[in-house]
Structure formats: structure tokens, C-alpha cells
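S.K.: One line per chain: the protein sequences are A and B, in this order.
Quick note: the first sequence uses UniProt numbering, first residue 1, plus one each step.
Quick note: the second sequence uses UniProt numbering, first residue 1, plus one each step.
There is no bait here: all hints are sound.
One side only, chain B facing chain A, incomplete, derived with CB under 7 Å:
| hint | residue |
| --- | --- |
| 1 | R42 |
| 2 | I45 |
| 3 | R46 |
| 4 | E49 |
| 5 | D109 |
| 6 | V111 |
| 7 | Y121 |
| 8 | P126 |
| 9 | R129 |
Over 10 Å on every C-beta distance to chain A, these chain B residues come out as not near it, computed from the model:
| hint | residue |
| --- | --- |
| 10 | L8 |
| 11 | Q28 |
| 12 | E40 |
| 13 | T76 |
| 14 | Q138 |
| 15 | Y171 |
These are computed hints drawn from the structure, not numbers from a lab.
Idealized CB from N, CA, C, for every residue including glycine.
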Amino acid sequence: MRVVVDLTKCEGYAQCAFLAPEAFRMVGDEALLFDPAPSAELGEKVLRAAAACPVQALQVDLADLPVPPPAETVVAATDDRLRREGRIVVAGLWKAAT
Amino acid sequence: MISTLVLLLIAGHETTVNLITNGWLTLQRHPEVLQRLRSEPRFAIRLVEELLRYEPSVHILPFRSAISDIEVGGTTIRMGHPIAVLLASGNRDPQCFPHADRFDPDRTDNVHLSFAGGIHYCLGAPLARLEAQLALTQLARRLRNPRLLADPPPYRPSPILRGPVHLAVAYDSVEPA
Ligand code: SF4
Numbered sequence: 001m002r003v004v005v006d007l008t009k010c011e012g013y014a015q016c017a018f019l020a021p022e023a024f025r026m027v028g029d030e031a032l033l034f035d036p037a038p039s040a041e042l043g044e045k046v047l048r049a050a051a052a053c054p055v056q057a058l059q060v061d062l063a064d065l066p067v068p069p070p071a072e073t074v075v076a077a078t079d080d081r082l083r084r085e086g087r088i089v090v091a092g093l094w095k096a097a098t
Numbered sequence: 001m002i003s004t005l006v007l008l009l010i011a012g013h014e015t016t017v018n019l020i021t022n023g024w025l026t027l028q029r030h031p032e033v034l035q036r037l038r039s040e041p042r043f044a045i046r047l048v049e050e051l052l053r054y055e056p057s058v059h060i061l062p063f064r065s066a067i068s069d070i071e072v073g074g075t076t077i078r079m080g081h082p083i084a085v086l087l088a089s090g091n092r093d094p095q096c097f098p099h100a101d102r103f104d105p106d107r108t109d110n111v112h113l114s115f116a117g118g119i120h121y122c123l124g125a126p127l128a129r130l131e132a133q134l135a136l137t138q139l140a141r142r143l144r145n146p147r148l149l150a151d152p153p154p155y156r157p158s159p160i161l162r163g164p165v166h167l168a169v170a171y172d173s174v175e176p177a
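Could you build all of it, start to finish, from the sequences and the hints given here?
M.R.: Take a look at the structure:
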């Protein structure tokens with residue numbers, strides 16, 4: 001399965017992180033850390049996350065395609081599995097005015 | 001504290017009851033969609049988004065006010081002026097949703113407003129979505145020959161929360177889980 005987040009749309013609502021925490025996680029208030037190739041057993045949860053995204057920023061391809069290398073590697077000295085494997089961080093913006 | 005709990009009770013209970021009830025009513029009115037819910041795995045996920053758009057539990061968010069001057073369609077809403085947000089009307093905006101008055105669970109890019117938006121986006125949205133997906137799927141799979149006893153059902157007279165007082169449904173039997 002492949003997951004793509006449209007960076008121009010994502011606003012950090014974190015709905016995906018509630019519905020599929022294995023594949024999406026908020027880092028701080030506004031940055032989204034996600035797994036671009038979640039395992040197939042997460043299919044239902046990831047589809048729920050994609051449907052729930054308020055700005056429809058998530059695209060999911062259920063087919064098992066080869067995954068391109070991450071666009072940006074996150075180097076952090078933690079034992080966080082997602083980080084060690086080098087995933088993508090997306091900075092989102094709150095839409096609400098302050 | 002007490003008022004927060006009261007708010008959570010109303011927000012978390014009545015809205016979800018309305019979502020499930022409005023959802024079931026809509027399914028009974030669209031038997032081909034009800035049939036798909038019985039047979040297609042994961043169909044409930046997209047279906048619930050379209051139900052949220054088409055028959056939202058909360059139609060109007062009253063008692064808002066502008067925190068700065070806002071330009072909308074050539075009109076300026078002055079800072080501090082009261083605003084009522086017509087969520088249900090926005091959900092039928094033909095510029096956002098093609099054939100907006102049609103119930104279409106195959107709709108993509110369904111950016112409905114039913115949980116509002118921005119920093120006050122509904123706190124209970126993930127729970128409400130799951131509850132509706134699971135409840136409607138179970139009802140569809142387990143009720144044999146369900147049918148409405150009154151269509152339309154009697155509605156609560158609220159312009160804000162939309163939902164029937166009750167929805168009477170007859171069925172022949174209940175399949176085991
Ligand atoms: S992808 Fe959607 S649900 Fe996930 S953080 Fe971004 S805006 Fe929120």
C-alpha cells in the first residue's frame with residue numbers, strides 16, 4: 001500500500017493520526033510524520049484516515065507498488081521506529097486565524 | 001467543569017444519534033446503497049462521509065462572531081459582528097460538489113463541513129465516524145428485510161440539530177452477529 005500526502009493541502013488537523021496512529025503521527029502541533037508504505041493489514045485504518053481528512057490531503061493506493069526513496073530523511077537519535085527508518089515530515093499550517 | 005461535561009454529553013450523544021438515524025433513513029430511501037453496504041467491504045467508510053455531507057447532524061453553528069473584518073463575496077463582515085454558519089448549506093454548494101443534491105457515496109474529494117473546520121474542528125469526529133461506520137454496517141448486515149414504518153418520520157423542531165424524534169423500522173428477524 002502507498003500513501004501520499006498533498007503538502008499544499010495538509011493543515012495539520014491530525015484526524016489521520018487518530019484513526020491510523022500506526023501510519024500517521026503528529027510531531028509537535030503542526031508537523032505530520034507518516035509512513036509512505038504502511039503494511040497491508042493497516043488497509044482499513046488508512047482508508048478511514050484518508051476519508052476523514054477534512055481537506056482531503058491523503059491519497060491511498062492499496063496496490064503493493066515499489067516505494068520511491070523518501071524525499072527527506074529525518075535524522076533523530078531516538079528509538080522511534082518511524083524516524084529511524086527515515087520517513088517524511090510534512091509541516092502543516094493551521095487554517096484558523098489567530 | 002459541570003458545563004463542560006454537559007457540553008460533551010450533548011455534543012457526543014445527540015449528534016451521533018442523529019448521524020446514525022439520519023444515515024439509516026437515507027439508506028432505507030436508497031435500497032441499492034443499503035445493498036452495497038451489506039456486500040462491499042469497507043464501503044461504510046466513504047458512505048459515512050457522504051451521509052455527513054448530505055444529512056449532517058448539525059445544520060447551523062450559531063453564536064459565532066467575526067474576530068477581524070472579513071471580506072466575503074464583496075461584503076465586509078465587521079469585527080465583532082455575529083455570524084451563524086450554515087454548515088448544511090455549505091455542504092450543498094454546487095461550486096464545491098457536483099450535483100450537490102444527489103446522495104452519492106462514490107463521491108471523491110468530499111470536503112464537507114459537518115465537523116466544522118479550523119482550530120475548533122470537532123473533537124469527537126474520529127469517534128463519531130467509527131460509531132456510525134460500525135453501527136450502520138451491523139444494522140445493514142443483520143436486519144432481515146428492514147422497512148420504514150413512517151416516511152418522513154417526525155422531526156425534532158430544532159433548526160440547529162437535525163434528526164427524527166424516533167425512526168420506526170420493522171424487520172422480519174435479526175441475523176446472529
Ligand atoms: S493529512 Fe489531513 S488529517 Fe492528516 S494531518 Fe494533514 S490535514 Fe490532518
